[in-house]
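If you read the sequences in order, they're chains A and B. Just so you know, numbering that gives the first Met the number 0 puts 104 at position 105 of the first sequence, and the rest follows in order with no gaps. Just so you know, numbering that gives the first Met the number 0 puts 341 at position 342 of the second sequence, and the rest follows in order with no gaps.
By construction, these hints were calculated from the structure, which means they are not laboratory data. Note that this is a predicted model, so its numbers are computed, not measured. Yeah, the Cβ is synthetic: ideal placement off N, Cα and C, and Gly gets one too. Watch out, some of these pointers could steer you wrong.
Said to hold, decoys possible - No farther apart than 25 Å at their CA atoms in a straight line, the calculated lysine-lysine pairs in the DSS-like style are these:
1) B:289 - B:277
2) A:241 - B:11
3) A:30 - B:11
4) A:30 - B:277
5) B:289 - A:243
To be verified - Far from chain A by the CB rule (all over 10 Å, computed), these chain B residues:
6) 52
7) 96
8) 120
9) 270
10) 370
Unchecked claim - A partial selection of chain A residues facing chain B, derived with a Cβ cut-off under 7 Å:
11) 55
12) 174
13) 177
14) 215
15) 217
16) 283
17) 286
18) 288
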Amino acid sequence: MSPLLQGAITILVGVFGCVGYFYAANLVLDKVIYPARGPNIGRNINRANAIRPWLFLLPAILALSIYLVYPVIGSLFRSLYNRAGDEFIGLGNYVFLFGDGEFQQALFNNALWAIVVPAAATFLGLLVAQLTDRLWWGNIAKSLIFMPMAISFVGASLIWKFVYAGDPDIGIINALRGSLGFDPMDPIQLPFWNNLFLMVILIWIQTGFAMVILSAALRGIPEDTIEAAIIDGAGPFQLFFKIKVPQIMGTIVVVWTTITILVLKVFDIVYTMTGGNFGTQILPSYMMEFMFRDDGRATAVAVVIMIVVLPVMIWNIRQAQREMR
Amino acid sequence: MDNIAGQNNALKWAVNISVALLVIAWLIPTVGLFVSSFRDRDQISASGWWVAPFSVELTYRTRGDAEPRQEGGLWIIEGNLFETAEVAETFASGEAEITGFGVRAREPDLFPAGSEGETRDGGTLIVNADGSYVYSNAEAPERPPRVYFAANTPPSFTLDNYRTILTSDGMDRAFINTLTVTIPATIIPILIAAFAAYALAWMEFPGRGLLIAIVVGLLVVPLQLALVPLLNLHNLIGIGQSFVGIWLAHTGFGLPLAIYLLRNYMVGLPRDIIESAKVDGATDFQIFTKIILPLSFPALASFAIFQFLWTWNDLLVAKVFLPSDAASRVMTVKIADDLLGSRGGDWGILATAAFVSIGVPVLVFFTMQRYLVRGLLAGSVK
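So here's chain A without its partners, still in its complex pose (with noise of 0.2 Å):
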């Protein structure tokens, strides 16, 4: 069977699946198990408004039970285990990992990466929400920025192979290097900067994002205020650090740490620029490297990873549960 085919059939399987689902356990409900008529009607009716939000609820517990809950424990479970995944090691592929020269190479370039990116995309975009806001062709500029938010990882880095390339006729890094007499280099192979080299692709595609979150923040905030600091002589770049920025402080938190969750999981930029040669290794391409291989070792890989993002987790939730209230 083509896998067009199976498509078209998939989706009409899942659409009136669900529909189907939702429809009949509402009738059984209502007609079968606790009819809204005879002698107990009141009761019935109350014990079936009981149920009806976990029929609701019901597919999506059971799709986010599998295939995100059971992971996490599984691949907590997995990684103590070796790689036929027969025998229990405790903390063997922790222990072999920490003493992996490439694993503390790459868990110190994760570092990086989750220090730079956040801060060099959040930084652009509130320079490009600032700087666009009320300019006439301001949001054709944000557009455009905003456009490699489109654009797939891979695609980004291809893109950006254009620009690093060490042929002088290709790279348009080394032709302005050439204009200037300087001999042609391969940028993705200079160690320690190639890291940088390949960060800017992540903040060229996150810078978009900031903005537009940024942007929007920054119309939120109140004018009364910054009337009233311009009355009292402020000028516009201590009206931007002194009353826009500390008013959306917030909102700068939000798209910092979203950005921040993004860069510890992204693994495509790497693995088409270098494949984590060069010393330019993280935590989610070194994974790949043993996925197939060794199932016990990239899932304690994948829990180092789960590990760093862990606080985030738990401010994210936090904050959810404070804003219920």
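Starting from the known structure of chain A, arrange chain B on it as the hints suggest.
Relative to chain A, chain B alone:
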């Protein structure tokens, strides 16, 4: 109280110029890719895309093809290099200009145009800038001379790369595979999430707060954690690496964001409408399908765009949950694992492949930007 920059003309100019510079910096990489995808391989390796509108100097190899004639004791061959069989097709437009010529491959432009050069068989050769050549030799030549020449070739833009990519390189297959993965993986989670979001937004039941907290927590679970256990699970229940597997995986991974976005939106819908519907005797199922679902269209559209972009652009999930044979590669995998290896030096093909793969999402982005922005704001600012 207008623009703070408006108070000061110099500042206003500074703002305009710096935004323009930023936009240009942001666009340059993509423009380079776009331009390169329309250039042929020779042009790409001879000059950068930023000079694509100008002529490039390329070297060619050809052989004179006129019949020799005798004149005053010399054998003479005359003709125009641009019209010789080996290069005629390239110069059909007839705007090129020869800068130099030679008789050996190692020195293709040894003699400047218009001068006289000696051929290997002892004859003399004159090549002019317009392509005309005169070859003369005291002895009868066995065949017309081999000539190398460098010519300023006018810029040429072709669709050949697109033809290659879309017909012969397996990219057409990959394009269809990407579509096949993306569409079900976008539609199915929406329905499941919409019902769950309604329950979390408008139904009272114990444990609701806890469930919402769990959904928020699952939002940031790294996908890496899910790969090994789920692949093993899929192998165990017989799905293995297949399209069914990747649809299920994308559905599961997309649900937290879907539920979160939709719930945030539904909570903001006016309470009056829902309560008056309840008073009129509508059941929850009716309220959901007749009122909530139509009103939530913007949020549904936001999530659909997110999920579409995410599944279309995904590399990790496709690498793990789809088989790695050529028949089921999606475009991202095709580019990262196949083209970058086998076509590593063929920049025109790479650029075209990348452009084919980013074309659809960029189109969706520009037409549906409003919903995308709204979704981002609902997901983050709240």
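### Query
Regarding the pair residue 30 of chain A and residue 277 of chain B, is the alpha-carbon distance no greater than 25 Å?
holds (19 Å)
### Message
The hint names residue 177 of chain A as touching chain B; please verify it with the least Cβ-Cβ distance against 7 Å.
### Response
Nearest chain B Cβ about 10 Å off; hint violated.
### Task
Identify whether the interface hint at residue 283 of chain A stands, where standing means a beta carbon of chain B within less than 7 Å of its own.
Holds: closest Cβ of chain B sits about 6 Å from residue 283 of chain A, inside 7 Å.
### Task
Decide, holds or violated, for the assertion that all CB atoms of chain A are farther than 10 Å from the CB of residue 120 of chain B.
Fine: 36 Å to the nearest Cβ keeps residue 120 of chain B off the interface.
### Task
Could you check if residue 286 of chain A really has its C-beta closer than 7 Å to a C-beta on chain B?
holds (6 Å)
### Query
Against chain B, is residue 288 of chain A within 7 Å by beta-carbon distance?
Hint on residue 288 of chain A: violated, closest Cβ of chain B at ~12 Å, above 7 Å.
### Task
Take the C-alpha atoms of residue 30 of chain A and residue 11 of chain B, compute the straight-line distance between them, and say whether it is at most 25 Å.
violated (69 Å)
#### Entry: residue 289 of chain B paired with residue 277 of chain B [C-alpha distance capped at 25 Å]
Distance ~12 Å between residue 289 of chain B and residue 277 of chain B Cα, so the pair holds.
### Task
Let me know if the C-beta of residue 217 of chain A comes in closer than 7 Å to any C-beta of chain B, holds or violated.
Since chain B brings no Cβ nearer than about 12 Å to residue 217 of chain A, farther than 7 Å, the hint is violated.
### Message
Min Cβ distance, residue 55 of chain A to chain B: is it shorter than 7 Å?
### Response
Since chain B brings a Cβ to about 4 Å from residue 55 of chain A, closer than 7 Å, the hint holds.
### Task
Report holds if the minimum CB distance from residue 270 of chain B to chain A is greater than 10 Å, and violated otherwise.
Non-interface label on residue 270 of chain B holds, nearest chain A Cβ at 16 Å vs cutoff 10 Å.
#### Entry: Interface hint for residue 174 of chain A, Cβ within 7 Å of any Cβ on chain B
Since the shortest Cβ distance to chain B is 5 Å, the answer is holds.
In summary, the numbered hints that this structure violates are 3, 5, 13, 15 and 18.
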